[in-house]
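J.: Each protein sequence line maps, in turn, to chains A and B. For the first sequence, position 249 (counting from the first letter as 1) is numbered 235 according to this note's numbering, and the numbering increases by one without interruption. For the second sequence, position 93 (counting from the first letter as 1) is numbered 123 according to this note's numbering, and the numbering increases by one without interruption.
I should point out that these hints are in silico values taken from the structure, not numbers from a laboratory. Incorrect hints may appear among the rest.
[Unchecked claim] If you anchor each label on the Cβ, the simulated ranges turn out as follows:
| id | chain 1 | residue 1 | chain 2 | residue 2 | range |
| --- | --- | --- | --- | --- | --- |
| 1 | A | SER102 | B | ASP119 | 40 to 50 Å |
| 2 | B | GLY101 | A | ALA158 | 49 to 59 Å |
| 3 | A | ASN55 | B | ALA160 | 37 to 47 Å |
| 4 | A | PRO35 | B | SER197 | 25 to 35 Å |
[What the hints assert, rightly or not] Rough simulated footprint, nothing fancy, chain A against chain B, three-plus residues with beta-carbon under 8 Å:
| id | segment |
| --- | --- |
| 5 | 46 to 53 |
| 6 | 94 to 105 |
| 7 | 118 to 127 |
| 8 | 133 to 146 |
| 9 | 163 to 177 |
Here a beta-carbon is modelled for each residue, glycine too, at the ideal position from N, C-alpha and C.
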Amino acid sequence: MSNNPPTPTPKHFVAPLEETPLVAIDAVNVGERKSNLWIDAWRDMRRRPMFWISAAIILLVVVVALFPNLFSQIDPRECVLSNSNGAPTGAHLLGFNKQGCDVFSRIIHGTSTSLSVGIIVVILTTVLGILFGAFAGFYGGWLDSILSRAGDIFFSIPYILAAVVIMSVFSAYRNVFVIALAIGIFAWPSTARVLRAEILRVKNADFVMASRALGVSNFKILLRHVLPNSIAPVIVVTTISLGAAIVAEATLSFLGVGLPNTTMSWGNDISAAQTDLRTAPQTLIYPSIALSVTVLAFIMMGEVVRDALDPKARAQR
Amino acid sequence: MAGYIFRRLLQALPVLVGTTFLIYFMVFAMPGDPLLALFGDKTPNPAVLERLREQYHLDQPFIVQYFLYLGGILRGDFGTSFSGEPVTDILARTFPVTIRLALMALFIEFVLGVLIGLISGLRKGKLFDASALVISLILISLPIFVIAFVAQFIFGIQLGWARTTVSAGAPIQDLILPAFVLASITFAQIVRLTRSSVIETQSLDFVRTAYGKGLSRRRIIPVHILRNSLIPVVTYAATDFGVLLVGATVTEGIFNVPGVGRTLYQAIIRGEGPTVVSFVTVMVLIYLVVNLVVDLLYGLLDPRIRYVK
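Please put together the full structure from these sequences, using the hints given.
T.: Structure (structure tokens):
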């Protein structure tokens, strides 16, 4: 028996502790890049040319709206009737409109009108949409029934038609705020619906249950946990509706129930130029291009943000 | 099915009352004389004012006014226009033209939109798809009146293919250009919806089974993929009827199509407030009825919708 060679025992039957310290097993890998919905979205967006193009246009529009004089030294209200519908000259790149005003300068100075209407409408629809959508979705029950039915009623009136009625009643007070109010008051239900649907999805998540178990009050859960996690689709709707609001203002001005003729706006300029389509198409085409490019930028931005935030949309590209 | 119809009709009732109340409230609950406000800077004829005061029951308290007005609407009485013609008579004259234009536009946007969306979806990421996406984005951003003027300028004035304004009887050949303009607003959305729906359907199991059974693409694409991709597209077309109504107002105004839209357009341009209110109410009611009918049709087509409470 003693002659038998000893059976070889494996050198490491149990992995020795010094090779994989326990601390290392539990430690967070610090070198790994952080990741959450917003960081992922940003990584996705910055690779897309559409994002940079629309961001550049939006930035340009904002700068033009804030500092119009940087872009055109010609006074848009200095109109000489002998230049009526005149062709472009060296200093007047896009020619003259019917009143003999510089078309380019009027486009530059009309930017702030369109943009401010868009921004006020979007603030209004977002605030109303979040109030209605968040309470309806989070609290549910009879509150949801009342708020959702109210939304249905506002949703059932196409908002441009509603704005036409409001603007007809307030014909004596036509300014940027009234027109933004007239559009926004009927445009919020789409925001509310999107947010409500998202909150219904989020409110049963584990982290909400955890907060509830910890004794966090309902309202605090809504404010701190549910709302921040369901705001992504609202951002998409908001970006796109900024473009839609600019179109709505231009449409109302075009119909003659928008801003008064004395206010410089793209919609007014297009409206005034429509009778000269045959003889001086440039007076109609250039403000239309400015309007469309601005709207396109906001809609493109909304699309890019949607693709970045929604993995399903990303897969469809 | 009867239960579903009843439930759906019951749901439509508060919306009907709510929308008409809202419009009425916006117009007549404002401080000051609502009629004078509606005429803006014009001073209307005292006889006209008197007739309107009677029509809207302005001597009564607000809530009584509203119910008298609602009763009138339910009996089909929408009041009279600025020129004294009953709104229902104007509707009888102009509505068929608008229906013709809207049906032509719906046909164009559906056939073209679904076809382009289908090809786009089947060739995801290819050149055709990329250009269809870019063009549809541009179309979405163009306001309808810009599209109308550009079409009028290019096809009416430069090329001379179409008349810039529609002649009296609104014959079909005159309506082709306005119909294309009207179709263009929702066409882009239909392309995008069809595309994403096709992409989604393509990856479903039953499509793979169909390929596995050895069916040809010529059978799978129309029968398996297209038919199942159309549900969200049809839903969209119904909810977007409101956009079509606003679009019709502008398009009919610009091309001078003698429809409901042009009547509203001209009333807006001339600042005839009371007529505007009547016609907006009519349009909202049309919108509500169309949505109700489409919902009922869904219940008929898709049993799943009938049973959802």
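J.: Work down the list of hints and note, for each, if the structure agrees.
T.: We went through each hint and held it up to the structure:
1. Separation of A:SER102 from B:ASP119 is about 43 Å and conforms to the stated range, judged on CB atoms against 40 to 50 Å.
2. For B:GLY101 and A:ALA158, the hinted distance range of 49 to 59 Å is not satisfied, since their beta carbons lie about 31 Å from each other.
3. The hinted window of 37 to 47 Å between A:ASN55 and B:ALA160 holds, with their beta carbons roughly 40 Å apart.
4. The hint said 25 to 35 Å for the Cβ distance between A:PRO35 and B:SER197, and at roughly 47 Å that hint is violated.
5. Look at the segment 46 to 53 of chain B against chain A: 4 of its residues bring a Cβ nearer than 8 Å to a Cβ of that chain, three or more, so the hint holds.
6. Chain A is given as covering the segment 94 to 105 of chain B, and this is violated because 0 residues of the stretch bring a CB closer than 8 Å to a CB of that chain, at least three being needed.
7. Only when three residues or more bring their CB closer than 8 Å to a CB of chain A does the claim for the segment 118 to 127 of chain B stand; here the count is 0, and the claim is violated.
8. Beta-carbon proximity to chain A at under 8 Å applies to 0 residues in the segment 133 to 146 of chain B; the threshold of 3 is not reached and the given coverage is violated.
9. Figure legend: the segment 163 to 177 of chain B, annotated as covered by chain A; annotation consistent (9 residues with Cβ-Cβ distances under 8 Å, at least 3 required).
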